[in-house]
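J.: Read off the chains here:
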Amino acid sequence: MTQTQNDTHWITEGLTVESALEHVYAKNGFHQEFVISKDSLRELAQRFRSREYFLECLSVVDYPDHFECCYQFNRWDKIHRVLVKVRNPDKTHPHFPTLSDIYEGANWYEREGYDFFGVIFDNHPHLTRLLLPETAKIHPMRKDFKGDSGTDVEDVLALIEYEDHQYEKVSQELKNKYQKDYFINMGPQHPSTHGVLRLLLHLDGERVLETYPVIGYSHRDHERMAEYKNYLQFTPNMGRMDYVGAMSFNFGYIGLIEKALGMAPSPRAEYIRVFSTELNRIASHLLWLGTYLLDLGAMTPFFYCFDDRENILDMLEMLTGERLTYNFFRFGGVAYDVPEGLGDQLKAFIPKMRGRLKDYKILIEKNIIFMKRTKEIGVLTKDQALSYGVTGPMLRACGIAYDIRKAEPYSIYPEMNFEIPTFPGCDTFARYQVRLAEIEQSLRIAEQAFAKMPEGPIKGEKAPKVSPKVPAGEFYFAVESARGHYGEYLVANGSANPYRLKQRTPSYANLSSLSSMLSGHLVADVVAVLGSTDVVMPEIDR
Amino acid sequence: MEIREIQKVTPDDIQVSEGVALFKLDQLLDKARSNSLWPLTFGLTCCAIEMMAVGSPRYDIDRFGFGVFRATPRQADVMIVSGTISRKMAPRIKTLYDQMPSPKWVIAMGGCAIAGGPFKYPGQYAILEGIDKIIPVDVYIPGCPPRPEALVSALLKLQEKITAKKD
Chain A
653 MTQTQNDTHW ITEGLTVESA LEHVYAKNGF HQEFVISKDS LRELAQRFRS REYFLECLSV
713 VDYPDHFECC YQFNRWDKIH RVLVKVRNPD KTHPHFPTLS DIYEGANWYE REGYDFFGVI
773 FDNHPHLTRL LLPETAKIHP MRKDFKGDSG TDVEDVLALI EYEDHQYEKV SQELKNKYQK
833 DYFINMGPQH PSTHGVLRLL LHLDGERVLE TYPVIGYSHR DHERMAEYKN YLQFTPNMGR
893 MDYVGAMSFN FGYIGLIEKA LGMAPSPRAE YIRVFSTELN RIASHLLWLG TYLLDLGAMT
953 PFFYCFDDRE NILDMLEMLT GERLTYNFFR FGGVAYDVPE GLGDQLKAFI PKMRGRLKDY
1013 KILIEKNIIF MKRTKEIGVL TKDQALSYGV TGPMLRACGI AYDIRKAEPY SIYPEMNFEI
1073 PTFPGCDTFA RYQVRLAEIE QSLRIAEQAF AKMPEGPIKG EKAPKVSPKV PAGEFYFAVE
1133 SARGHYGEYL VANGSANPYR LKQRTPSYAN LSSLSSMLSG HLVADVVAVL GSTDVVMPEI
1193 DR
Chain B
1191 MEIREIQKVT PDDIQVSEGV ALFKLDQLLD KARSNSLWPL TFGLTCCAIE MMAVGSPRYD
1251 IDRFGFGVFR ATPRQADVMI VSGTISRKMA PRIKTLYDQM PSPKWVIAMG GCAIAGGPFK
1311 YPGQYAILEG IDKIIPVDVY IPGCPPRPEA LVSALLKLQE KITAKKD
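So the protein lines, in turn, are chains A and B.
Each residue of the first sequence is one higher than the one before, starting from 653 at the first, in my numbering.
Each residue of the second sequence is one higher than the one before, starting from 1191 at the first, in my numbering.
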C-alpha cells in the first residue's frame, strides 16, 4: 500500500468499491479514481463534503454498454483531484442517486445530465430541462442521437405556441396559489443580464424570496460539436465560448490536448501565451468594471474602461489579427510571433494603466452611492461557496486564495512573481476589490513574461502539422480564466475526434449560487449582485 | 380652401431657396427617422460586445444619432440581432420584434444571425440558422464578429435605405 492510499483510506472505507486506480497526476490530471456502486455514492459524497472537498465537475458519459456519471472532487488548499465513477447499464432510463442536497452545485449538473442524456437522478427536487427548451423531445448528447438540422423553424414555432399557451396557464396557477407575493421575470432581454439570462424572481413586495435563474438562451451545443469535429477543427469554438476572456479558454483546450499528447510547447510560445492571456484578463476585468458601474447607474466609467480596453485590444490585434474571439493558440505553440512595435506599446501601456487604476479607485470608492449599493450586499459565505463549487474572483472575495495559477501551476506561472489577492468581505464590494487588485497582478505578470521572453521558434519540435489523434484515455486540465476554474474533461478513444469533451466552465457554478446570495434583498439589489458575479452567458449555456 | 397636391409641387427631392427646404412629407419623415435611429439594447452573444464597443469613445456612435440605446422595444426603431439565435431564444426575439412600433428595421450582425455561422453543421440541434427565417432583415453584416466599423457602416447603409427614393 502506497503512502497516498494510506492518507486517503477514509474515502472508501467500508464502501463497495468495484475498482480503484492510482493516477499519475502529471500525466492526466487526476490523483485517484474509484469506481463505486450506486448505493455507496451518497455516503462517499458526504465524506468529501465533511472534509471540505468541493464538487468540481459532474460529467455524464454515454458508453456503448452503460451510462457513467463521473464526479470530480477537489480541495482548495491542497490539490487532490479524485474521480469517482458510477455506472448504470440501463441504456433507456438510467437512474442515479442525487447529490443535490449534499452539494447544491450538483443541482444544475444533474439537470444538465437529464437534459443532455436523459439520465434520471432520483429524489432531485426539480429535475427539468436546463439548457434546451421545455418543448424539446431530444437528449442530444446520447450517441444514438443523429441531429435534427432541418427542424429549426418548426421547433421555434412550436415553442412560440407552447409559451403563449403556457403563459395563461402558469399565471392563473400562480395567482390562485399566492395571494400576497408574486413573480416577476427579469430577462432574457434586459440591459443588466449581460446577454440572455432570465431570472424568475419570487417577490414579497420589494423583497426577493427566491430566485430561479433560467438559462440556455444562448445554448450552441459546443460539447456535441466537439464530438463531431476533429481536435484541430474545434479550436475556434474556444474563442466563442467565453468571448470576453477568450485567451484563457484557448489556453485550457490547447493545454489539455498537449497534456494528452504528452508534448510541450516551445519556450517562446509559453511566454507569448502567458502575456497575451494576462492582457486579455485585464481587458475582461475592465469590461466588467465598466458595465457593472453602468448597471449601478454610473455612465462615465464605461467610457474610461472601454478606452483602456481598446488599448489592450489594439495590442492583441497586432499579435493575433483578431479583436475579440481569439483563435491564437496552436498545439505546441501559437499562431504568430510577436510583431514589431508590440513591445513599445506594452511598455507605454503598463504605466498608463497603473495610473488609471489609481484614478478608478479614487473615483469609485469615494462614491457614496457605489459603496452603499455594494457593501454587505449579496453575501456568499465560505460554506455556500464550497457547496456550489464557486471559484475565481468570487471565491477569492470570500478570503480563500484558490487560484489555479498557484494551486495547480501550469505553463510558466511558477516562474512569475505575483500574488493572489484575497479580500474577506464575502460581498459584492469584495468582488470588486479582488478584480481591481487582479488587474495590477496581471500587469505584473504580463510585464515579466514579456521581458523574460526568450528567442526561438514559436512552435515546438513535435507540434503536429495536422489534427492529432489523441491516445485513448481520460484527461483533465484546468486553467484560471478571468471568471475562475475552467477545466475540461476529455474522454479520448484514439480516434480523430473526442469521444466526450465536458466543459467545466466557471460562471456555471458561480451563477448557480445566485439564489442563495439574493434571498432577502431588494429588487434593486438584484442587478448589483448579478453584476458582481461577472457571468458570460454563452460560457454557461455552452 | 384649395388643397394642392403636394406631389406636383416638388419635382426634385429637395428644393432650397432662401432658407426654405421643400420635401415630400414622407421624405421628410424618412430624413428625420434616419438621423435618430434608436437601437434596442439587446445583445445575444459575442457580437453584442462589439455592439457595446460601438458605443464606446473610440467608435462613438452618437455622432450619427444612433447612440440612444433603448431597453424597451416600444421605444426602439432598429433591432441589431447581435449573435447566435438559439432555438430557445428565437421566440423571444420574435416577440421583441412584434413589440417594436413601425416603422422598424433589423440588422443581422455576424455570421450566426445571417445563417448560423460557425455553429451550423449537419445534425445541429440548438440554433436557428439565420434570423431571416422568422423576421425580415434590412442589412446583413458579415464577420465573426464584425468589427465595430462594420456595424457603423451597416447603420449608414440603413440610413441610405431609409432615405432612398421610393416609387
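No wet-lab data here; the hints were simulated from the structure.
Hints may be right or wrong, so weigh each one.
[Stated by the list, open to error] Residues from chain B that face chain A, not an exhaustive set, calculated with beta carbons under 10 Å: (1) 1246; (2) 1312; (3) 1319.
[Said to hold, decoys possible] The calculated DSS-like cross-link candidates involving lysine-lysine, where the alpha carbons are at most 30 Å apart (straight line), are: (4) B/1355 <-> A/789; (5) A/1117 <-> B/1310; (6) A/789 <-> B/1214.
[Claimed, not checked] From chain A, some residues computed to sit far from chain B (all C-beta separations above 10 Å): (7) 671; (8) 677; (9) 737; (10) 739; (11) 770; (12) 799; (13) 877; (14) 884; (15) 943; (16) 994; (17) 1011; (18) 1016; (19) 1019; (20) 1074.
Note that CB positions come from ideal geometry on N, CA and C, so glycine has one too.
J.: Which constraints among the numbered hints does this structure fail? Numbers only, ascending.
T.: Violated hints: 4, 6, 12, 13 and 15; rest satisfied.
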